[in-house]
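Here is what each chain is made of, one letter per residue.
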Amino acid sequence: MTELPLSTERRLGLVIDLDTCVGCHACVVSCKGWNTENYGAPLSDQSAYSGAGSGTFLNRVHSYEVQPDNGAAQLVHFPKSCLHCQDAPCVTVCPTGASYKRAEDGIVLVNESACIGCGLCAWACPYGAREMDAAAKVMKKCTLCVDRIYNENLPEVDRVPACVRTCPAGARHFGDFADPDSAVSILSAERGGMDLMPEMGTRPTNKYLPPRPRDQLQETDILAPYLAPVTDEPKGFLGWLDRTLSALPKGPL
Amino acid sequence: MHPAPSVILFTTFSGLGFGMLFWLGLGMPAPTGLVAFVFFALAYALAVGGLIASTFHLGHPERALRAFTQWRTSWLSREAWASVATLMVMAAYGAGLVFAATRIAALGLIGAALAMATVAVTSMIYAQLRTVPRWHHWSTPALLVIYSLAGGALMTGQVRYAMPLLVLAGLAQVSAWMSGDKRLAESGTTLATATGLGGRGAVRAFEPPHTGPNYLLREMVHVVGRKHANRLRLIGLVLGFALPVLLLALPFAGHWLALAAVLSHIAGVLATRWLFFAEAEHVVGLYYGKR
Chain A
1 MTELPLSTER RLGLVIDLDT CVGCHACVVS CKGWNTENYG APLSDQSAYS GAGSGTFLNR
61 VHSYEVQPDN GAAQLVHFPK SCLHCQDAPC VTVCPTGASY KRAEDGIVLV NESACIGCGL
121 CAWACPYGAR EMDAAAKVMK KCTLCVDRIY NENLPEVDRV PACVRTCPAG ARHFGDFADP
181 DSAVSILSAE RGGMDLMPEM GTRPTNKYLP PRPRDQLQET DILAPYLAPV TDEPKGFLGW
241 LDRTLSALPK GPL
Chain B
1 MHPAPSVILF TTFSGLGFGM LFWLGLGMPA PTGLVAFVFF ALAYALAVGG LIASTFHLGH
61 PERALRAFTQ WRTSWLSREA WASVATLMVM AAYGAGLVFA ATRIAALGLI GAALAMATVA
121 VTSMIYAQLR TVPRWHHWST PALLVIYSLA GGALMTGQVR YAMPLLVLAG LAQVSAWMSG
181 DKRLAESGTT LATATGLGGR GAVRAFEPPH TGPNYLLREM VHVVGRKHAN RLRLIGLVLG
241 FALPVLLLAL PFAGHWLALA AVLSHIAGVL ATRWLFFAEA EHVVGLYYGK R
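Each protein sequence line maps, in turn, to chains A and B.
If you're matching positions, the first sequence starts at 1 in my numbering and goes up one per residue.
If you're matching positions, the second sequence starts at 1 in my numbering and goes up one per residue.
Calculated from the structure, these hints are not laboratory results.
It cannot be assumed that every hint is accurate.
[As the list claims (entries may be wrong)] Some chain A residues near chain B, calculated using beta-carbon distances under 7 Å:
(1) 60
(2) 109
(3) 114
(4) 124
(5) 131
(6) 194
Think of the CB as a built atom: it goes at the ideal place given N, C-alpha and C, for glycine as much as any other residue.
Produce the entire structure from the sequences given, and follow the hints as far as they go.
Here it is in structure tokens:
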């Protein structure tokens with residue numbers, strides 16, 4: 001049913017730490033691996049070994065350069081997957097009821113056997129979280145590894161989404177945002193967890209932790225400013241060249 | 001957005017078909033017998049043909065009947081209901097004219113109202129999308145309804161109404177282009193809000209997540225051909241509105257000139273509809289440093 005639940009018992013989601021992510025794409029690979037073999041249709045590739053390969057992924061890592069007014073530019077690696085929004089526009093636009101948000105834990109899922117592959121949900125998502133699989137012709141999206149997190153056949157340590165389990169930097173955290181005492185709630189509160197495109201009114205569940213301010217480049221030696229410069233003006237041949245070129249019309253500028 | 005031929009054909013021809021049904025429902029004209037049959041056959045061919053074209057872009061058209069289930073939230077589902085309701089009511093009304101030479105006026109009025117409601121509901125599929133600021137505006141349903149009214153009047157030979165409506169549609173289109181060109185900037189959504197990093201400095205897409213194209217780029221970041229936008233806009237205005245009005249205004253009007261006006265109008269609408277999709281910027285493009 002494409003009517004959104006008024007509230008969900010739990011709000012399962014991810015905290016993604018932009019300060020810690022090293023941009024290794026391990027989460028992309030583990031996501032593709034797990035979700036190709038498990039929930040729903042496999043994530044297909046087209047012409048994977050040609051120069052123009054293309055495929056379905058539920059998680060992608062962008063990299064951005066942030067240039068502050070003062071100081072050095074900073075590179076921020078930016079993993080992006082479904083944010084399991086509380087006001088998920090992808091769910092309400094679905095004409096068939098294939099897209100739905102679970103009342104018990106807030107996970108947004110696609111019932112692939114009811115999906116007509118119209119693509120309207122992907123149009124409605126501002127984050128590019130949904131991709132139509134070119135082989136199965138149904139919409140694919142992050143399931144928050146719903147087939148891992150409740151899976152009692154797995155050791156307890158593995159009952160988290162594949163991307164979280166694999167992240168070597170510890171940049172991804174999984175938990176329940178409805179519980180104010182959960183690790184993700186505390187982490188998000190302490191580090192200023194933010195929403196992407198809040199103006200879209202989607203109320204995302206997943207939170208992004210902003211990068212911490214970087215150290216400023218300091219003088220290497222506190223006495224350095226007191227040392228006389230080795231040379232002010234070029235001497236000898238270079239000095240003559242400098243004076244001669246400066247004397248020419250149009251120089252020095 | 002990717003200007004898929006199926007969706008361009010769908011919105012163009014079903015718009016014309018439902019526009020024809022609107023005027024036929026009003027009894028303008030109210031032919032009977034064989035003439036009525038030709039009018040209704042053409043209207044149904046356009047409306048139903050457009051709807052069938054729209055199923056071509058579905059991954060699983062065999063499940064299309066499921067699209068009737070979610071009318072409470074989905075404009076696409078409401079469109080399915082509105083179009084079927086219109087076609088049923090107008091079929092009964094048309095049968096009266098064709099087979100019994102009887103015009104059931106009330107049924108026609110209901111059908112006319114349903115026909116325009118269908119066009120409006122179709123346009124809401126686009127206008128509802130916040131993610132495409134150019135479409136997310138009242139002018140989108142207004143424009144598509146005026147297009148349908150003008151095209152329907154032209155196709156049913158309502159010259160008195162077609163001329164002012166065609167002029168109005170052209171003006172509405174120009175105003176929609178002028179305000180639409182600014183709407184992405186006015187929406188306030190930028191790479192800064194998309195990444196949440198705007199407060200720290202100027203954000204620039206440094207490295208994309210994948211080296212090849214993907215579904216998102218193909219479907220929602222269509223930039224090919226935008227450089228021809230201005231020329232296409234002019235072609236759309238001239239063929240879609242100026243030339244048909246000119247042809248209708250000629251003192252020696254006849255069937256052949258009317259046919260030329262209709263064909264010119266259809267070509268013009270196809271051009272503007274191509275632009276409707278090709279020029280629409282989806283905010284997901286921002287994540288890729290594109291628009």
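Hints and how they fare:
Among the interface hints, the one on residue 60(A) holds; its C-beta lies about 4 Å from the nearest C-beta in chain B, closer than the 7 Å criterion. Taking 7 Å as the C-beta cut-off, the interface hint given for residue 109(A) is violated, the closest approach to chain B being about 15 Å. The criterion of a C-beta within 7 Å of any C-beta in chain B is met by residue 114(A), whose closest approach is roughly 6 Å, and the hint holds. With a least beta-carbon distance of about 6 Å to chain B, the hint placing residue 124(A) at the interface is held under the 7 Å criterion.
Hint status for residue 131(A) relative to chain B: holds, with the closest Cβ pair at about 4 Å, below 7 Å. Checking residue 194(A) against chain B by beta carbon gives a least distance of about 4 Å; that is within 7 Å, so the hint holds.
Checked against the numbered hints above, the structure breaks only hint 2 and satisfies the rest.
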